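J.: What follows is each chain in one-letter form.
There are 2 protein chains.
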Amino acid sequence: MTVTIYDVAREAGVSMATVSRVVNNNPNVKPQTRKKVYEAIERLGYRPNAVARGLASKKTTTVGVVIPDIANANFAEVARGIEDIANMYHYNIILCNADKRKDKEIRVINTLLEKQVDGLLFMGGAVTDEHVQAFNTSNVPIVLCATTDEKGVIPSVDINHEEAAFDAVNRLIAEGHRSIAMISGTLQDPANGFARYHGYKRALEQAGIPYREEYVRNGNYKYESGIEATQYFLSLPERPTAIFAATDEMAIGSIHALQDNGLSVPADVSVISVDNSRMASMIRPLLTTVAQPMYDIGAVSMRLLTKLMKKESVDHAKVILPHELIVRRSVAAPKA
Amino acid sequence: MTVTIYDVAREAGVSMATVSRVVNNNPNVKPQTRKKVYEAIERLGYRPNAVARGLASKKTTTVGVVIPDIANANFAEVARGIEDIANMYHYNIILCNADKRKDKEIRVINTLLEKQVDGLLFMGGAVTDEHVQAFNTSNVPIVLCATTDEKGVIPSVDINHEEAAFDAVNRLIAEGHRSIAMISGTLQDPANGFARYHGYKRALEQAGIPYREEYVRNGNYKYESGIEATQYFLSLPERPTAIFAATDEMAIGSIHALQDNGLSVPADVSVISVDNSRMASMIRPLLTTVAQPMYDIGAVSMRLLTKLMKKESVDHAKVILPHELIVRRSVAAPKA
DNA sequence: CTGTTAGCGCTTTCAA
DNA sequence: TTGAAAGCGCTAACAG
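Protein chains in written order, with UniProt numbering: chain X, 1 to 336; chain B, 1 to 336.
Since the hints were made in silico from the structure, they are not lab data.
Predicted model, so just to flag it, every value in this text is computed and none were measured.
Fair warning: there could be bad hints in the mix.
The list cannot tell twin chains apart, which means a pair is met if one copy fits it or any two copies do.
Stated by the list, open to error - With a Cα cut of at most 30 Å, we get these calculated DSS-like pairs of lysine-lysine:
| no. | residue 1 | residue 2 |
| --- | --- | --- |
| 1 | LYS100 | LYS335 |
| 2 | LYS318 | LYS335 |
| 3 | LYS36 | LYS100 |
| 4 | LYS222 | LYS335 |
| 5 | LYS222 | LYS310 |
| 6 | LYS35 | LYS104 |
| 7 | LYS30 | LYS222 |
| 8 | LYS318 | LYS30 |
| 9 | LYS104 | LYS201 |
| 10 | LYS36 | LYS307 |
| 11 | LYS335 | LYS151 |
| 12 | LYS59 | LYS104 |
| 13 | LYS102 | LYS59 |
| 14 | LYS30 | LYS310 |
| 15 | LYS222 | LYS58 |
| 16 | LYS58 | LYS30 |
| 17 | LYS335 | LYS59 |
| 18 | LYS201 | LYS59 |
| 19 | LYS100 | LYS318 |
| 20 | LYS310 | LYS201 |
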């Protein structure tokens, strides 16, 4: 039924070993022999069985990727970065959604390891001891992608979320704002949530602006929660002159809530966020936001993983990619 | 180093076969024996090797997915549908981006087949004879996802793009519009491009509205091309009262181009499209658009594939999922 | 209910 | 430069 390396060997009048050498581009084969083998392969329509190869060689040229949700634009962008570089190094990707749920994360880590992936790329929620423990049940290299572990023991590539938020809020302060509200993510989320909230607080502190409880509202990263939070801010006796949203989507919700209430952005209220998603340049006014290099996070972490898999030495196993403030039109000085 | 089924067998004082039975939940094992085996597994930290299992059983519980671009929101949504159902049936997904480029598509189909996937889900550009030929080099079931082959021989799940476009344009006509422009995709693309263009033409025809060359402008699905096309329409001596865009993104570009030119949507010009992406409800005015059930396309095609992989009989191997017009606020009657 | 025994298709020493 | 042979870790008859 299926043609194997053995069939090719017989057809070409050589041994299996030689066919194997040809298929794997081993230079120690006489050109003439090589030609014979190629012809036999062609004639028989031979296709190497990667599973058998994997068993024999203990390498699958496959890496596992655990991702919170591939339908999320940010993660999809990371995934694309991963795949492009993987491709370049002839690796394939097994993709598993885990929705930032610890049990699911642990489970997929294990099935990925069962599949004998050569390496693992992990994006998720907090990286707990339990995760680390799961990682340690095997020797395959791991890199954390767009997250870090608290202990800082696992290689990772990420941006500095705290600093990104800090920069965004500082921009508002530089413009003259003193009444700055924040639409945050869930504070349980270490990266998008907690760190950004802290950046906000630090910026306020540094500028000597008192922190006000009622100026912080938790959202769920989504458009609707941006609307909801903004409506709440508008109901306050003293409404903020600027709003910092932890994500573009919430910022857009905020802008629309403002506009739907007859307010103008940025004339009446300024809005800033972090992400720089496609949508940031697809609304009016164009959104000022801090760009996160999602594609690069994926690409760099995959590149790092290839090095780890080849046991190459790696100088810094913790890489922080730079973010950048993209100034567009949603921020202006507060009204006098 | 690594603990194998053999080690477990020895530790538990049974044969490999018995361990295998336990691991695979074969009911023919005395509960007591089962318990002994589980304990040995626990003690040794045994983790089955899926590669070895794959070689022996000729099943990898892995399916290959070729996708144009995971960073594209529509495809990412499909991918999520696929993954969820795959998960449910205990399959894993190997994901390959192929950018709708035939050479890349053929290449990844082959590497996926080398990896001995149990099934293949294909999303891409046109499905040519060359594709079919590549599919036929193996016996693994294939299903086309959000595409169809011209010959109609391969199982597939998709929506009726022509009809979706037809419905959208009809809505405009029902509203009283007679000057309807279209921002199309590239006509080489069978689904999003050509079919939607045809739906547009057919709707016009049926309503007895003459087709006008200058009212059709090719875009590339992106926001910017929606802007560009709309600016062109506005430069026409007789400008259209309504615009049909082949994608939401182009529609949003169109709306902004209109607004940036001081026109109001829908008071001055109506805009309609197809996709119903998240963004459709994240702009002002809210976009009227035909919803494509992307997640379901993924889910249903994966479900179909599981049946094919189990050699279950399948009544209809060509499934067309229903689309639906989502009426929001970007369409109104033309000015008198 | 359990064990024995062949492979699955390939890579990889080791010799020649 | 080539071949022989021993596995890689597991499943799947088959026998008992």
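J.: Does the structure break any of the earlier hints, and which numbers would those be?
T.: 1, 2, 3, 5, 7, 8, 9, 10, 11, 15, 17, 18, 20
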